[in-house]
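So the protein sequences, as listed, match chains W and P. Here my numbering is used: position 426 in the first sequence is 426, and no number is missing along the way. Start counting at 1 in the second sequence, then tack on 1000, and there's your number in my numbering.
Derived from the structure by calculation, the hints contain no laboratory data. All values reported here derive from a predicted model rather than from experimental measurement. Heads up, a few of these hints could be off.
Across the chosen pairs, the derived CB separations fall in these ranges [said to hold, decoys possible]: (1) W:Gly177 to P:Leu1156: 39 to 47 Å; (2) W:Thr59 to P:Ser1083: 20 to 28 Å; (3) P:Val1090 to W:Asp226: 53 to 61 Å; (4) P:Ser1083 to W:Gly320: 56 to 64 Å.
So the derived list for chain W, only partly shown, Cβ under 8 Å to chain P, looks like this [claimed, not checked]: (5) Arg73; (6) Met79; (7) Gly82; (8) Gln88; (9) Leu92; (10) Val93; (11) Gln94; (12) Thr95; (13) Trp111.
Cβ atoms here follow ideal geometry from the backbone N, Cα and C, with glycine treated the same way.
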Amino acid sequence: MTVTMSVEMRQIVKRFGTVTANDHVDFGALPGEIHALLGENGAGKSTMMCMLSGVYRPTSGDILIGGEKVRIRSPKDAMKLGVGMVFQNFRLVQTLSAAENIVLGERSSFWRGPKWIKRKQEEIEAISRKFGLSFPVDRPIWQLSVGEQQRVEIVKTLYRGANLIILDEPTSVLTPGEVDRLFETLASMKAEGKSVILTTHKLKEVMAASDRISVMRKGRMIAVMDKKETNERELARLMVGKDFAAPRPLADRPKGKPVLIMDRVEVLGGHGRKALDGISLQVHEGEIVGVAGVAGNGQKELAEVLAGLTEWRKGTIQFGGQTFKRASVRAAIEAGIAHVPENRMKSGLAGSLGAVDNLLSKSYRTPDRSRLGFLLHGRNRSWSQSLIERFDVKTPGIDTPVRQLSGGNQQKLLFAREIEMNPKLMLAVHPTQGLDVGAAEGVHRLLTDLREAGRSVLLISEDLEEIMQLSDRILVIYNGAIAGEFSRAEADRERIGMYMAGLRDAEGDAG
Amino acid sequence: MDLFTQLVMAAVSSGTPLLIATLGGILIERSGIIQLGAEGLMLMGAVTACLTYLHTGSLALALLAVFGVSALLGLIHGVMTVSLRANQIVSGLAMTLFGTGFSAYLGKPVSGMPIPGSVPKLELTFLQDVPVLGPIFGRLDLLTWFSFFLVIAMHLFIHRTSAGLHLRAIGDNPATADVMGIRVQWTRYACIVIGSMLIGLAGADLLLVFSPTWIEGMTAGRGWIAVALIIFARWNPVRALLCAYFFGVLDTLGFRIQLVGSEVPSYFLKMIPYVVTILVLMFLGWRNRNQPSGAPESLGVPYLREQRF
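Please take these sequences and the hints and turn them into a complete structure.
Here it is in structure tokens:
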């Protein structure tokens, strides 16, 4: 190849203790290209990028920048070499303004009067204009939307003169419209001769945005190819290591009786703001209702109020014929609401306890599980054993702390507990977050099985693909209320995206 | 002299040790380290000042010794909390226990002995005939002037300098600061050492200006008041000034009421500042229940680079 790679990583090995995250991986990016690094969660792509940006150091292997061998010992070193990374969890100080975050770490000029600040703001605005990245420079970060925060992060790398910009899963927090806008920005950076590396597991985006594609699987580099020479199907096979079974379409079912009726419910969030602002929705028997939306529009509060964790101020919640008076987790469980929470290790499972205790944690009160306040030890163990087998949870033993299980097996265990309660409604919040494709498929099957059995599912997710694939009806949540409703037949990515962004009116104007 | 002027003077004279200690605490906590050792540091500062002054007769040496001792104690707190990542609350409490006990031991031979001099006063003759301002500012000692200077300097430092920006970033989000090339651990050490020196100075000020004799446990809880003041002031130096003087007034109010000849036992009057501390904390907690507290977001959380992911 005649062109010098802007970055080249040769035979990179990275071990964490006994775990090998990267096993002799080669990777390279050219100037003026958008290079997608594709792989499932845990394939080792983020680890690779963290070594490039100085967060980790490789166990062995070489990194070359502009054809020369370099040592990147810290993020500062990386910055000096023109490498900038936009992390999946943004590295922004919430209380500082966007401009302050961008100049953070700069040592020039100790004194910072209003003049200095103004000059810097102008510099920053010039960069934002050039690449189409607008955000209010003088507002504190916590007042900015997630999309705006990401733009701050990108400008931060550009401001520091980065020629190689790494974006780690940049689209997971964006609406479809914002994704398009991001890709335009990336294209303009490419036109400037910068190298852009994009890590992702979303095939559509890879095909839409990138020039070349590297595929990683289980810590190894599987293939490097030109976008023009490949297709989604091949990429999926390379990424997962086996053929994808196309998701089977859901058979239509007649609508049952309404199970859950929420009417104009209002919940206060932090800072006295209305997190749910008069939300009304219904879920019927045998129906999967998907709630789509950009993070932070009231999904968390919706789940919490239904699980009995949060009080509501106004409105009514009826479930299975009874009206909830006030928030009570016990009442929600007894009424038949199962809850798979957003963060399974935080509020779903107790990490240091074994499978038995975790499975018991909602049903320990029932006469089958305990008598006079004493747990029925032997019976509970054999019951746990049978559940583990039925739900195919892979664990070294029923007493192994569940923290040590893989994410997919933890989630299966959680579903086992919730489904065993024989719920009327399954409240599933981001149920496949952080799971690999196989485990996600398993979770999807559990949800559709519930539907087949005539149970209802309220699926809250930020993954629009997942929602469109599983839901009978799709509700779009925006600013704490339902902004739009789509049946499966009407569901259309673009239009849902508009509603997610709160652009319902704009859509009307466009015709 | 009218009552207002008297109150302001009392506020300044008994509020200054509180103010200096609070400013030291703010510097430390802005970097994300909890500071509960103020009571011990102030006592060590006071006893060091007393001993050095009595033995050498030099005020400058006394102050130098105070800085040295409290910097050393700060360094220990730094090693414990920053490098060894020990629990910051426990480390702070240990410092208070140590300081209380050790200062009592060191101070035993000089207990009750008056110090041989006082901090020079700045005589502003042109002010002395001006009403209100004259009595308040006309004959203030240098340490009090230093405390005014410190408020302004810290305010400008935190909000108007690059180092101050780094400090705010470290207290809120050390991982981000680290990625941006800011030396997190180094800055934390610097803040702890300098802040501890200020708290030690506050103890010295108490002895040199406010009550010029060493008495065991002479801070009488002022270190703890300073800890509470950091919270009242919401980690802001200018607000710290107002809060410290408010408590300075309360502190003297007890004496005043006694002088008037109240029937209330003096023990109850001495309680006033502490009871008000609790009441004000409760009130602020209730009033600001829907607002951020202003506390650095990573206060009390040790930072280790490898834990970033």
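Outcome of the hint check:
1. With their beta carbons about 43 Å apart, Gly177 of chain W and Leu1156 of chain P fall inside the hinted range of 39 to 47 Å.
2. Range check, Thr59 of chain W to Ser1083 of chain P: Cβ separation about 26 Å, and the 20 to 28 Å hint holds.
3. Distance hint check: the CB atoms of Val1090 of chain P and Asp226 of chain W are about 59 Å apart, consistent with the given range 53 to 61 Å.
4. In this structure, Ser1083 of chain P and Gly320 of chain W meet the distance hint of 56 to 64 Å, their C-beta atoms being roughly 57 Å apart.
5. Because the beta carbon of Arg73 of chain W sits about 11 Å from the nearest beta carbon in chain P, more than 8 Å, this interface hint is broken.
6. Because the closest C-beta pair between Met79 of chain W and chain P is about 6 Å apart, less than 8 Å, the hint holds.
7. Checking Gly82 of chain W against chain P: minimum C-beta separation of about 14 Å lies over 8 Å; hint violated.
8. This hint is violated: Gln88 of chain W has a C-beta 10 Å from the nearest C-beta of chain P, more than the 8 Å allowed.
9. The criterion of a C-beta within 8 Å of any C-beta in chain P is met by Leu92 of chain W, whose closest approach is roughly 6 Å, and the hint holds.
10. A least Cβ separation of about 5 Å between Val93 of chain W and chain P falls short of the 8 Å threshold, and the interface hint therefore holds.
11. With 8 Å as the threshold, the beta carbon of Gln94 of chain W comes within range of chain P, its nearest partner Cβ sitting at about 7 Å, so the hint holds.
12. Hint status for Thr95 of chain W relative to chain P: holds, with the closest Cβ pair at about 5 Å, below 8 Å.
13. Because the smallest distance between the Cβ of Trp111 of chain W and any Cβ of chain P comes to about 6 Å, under 8 Å, the interface hint for this residue holds.
This entry does not satisfy hints 5, 7, 8, going by the numbered hints stated previously.
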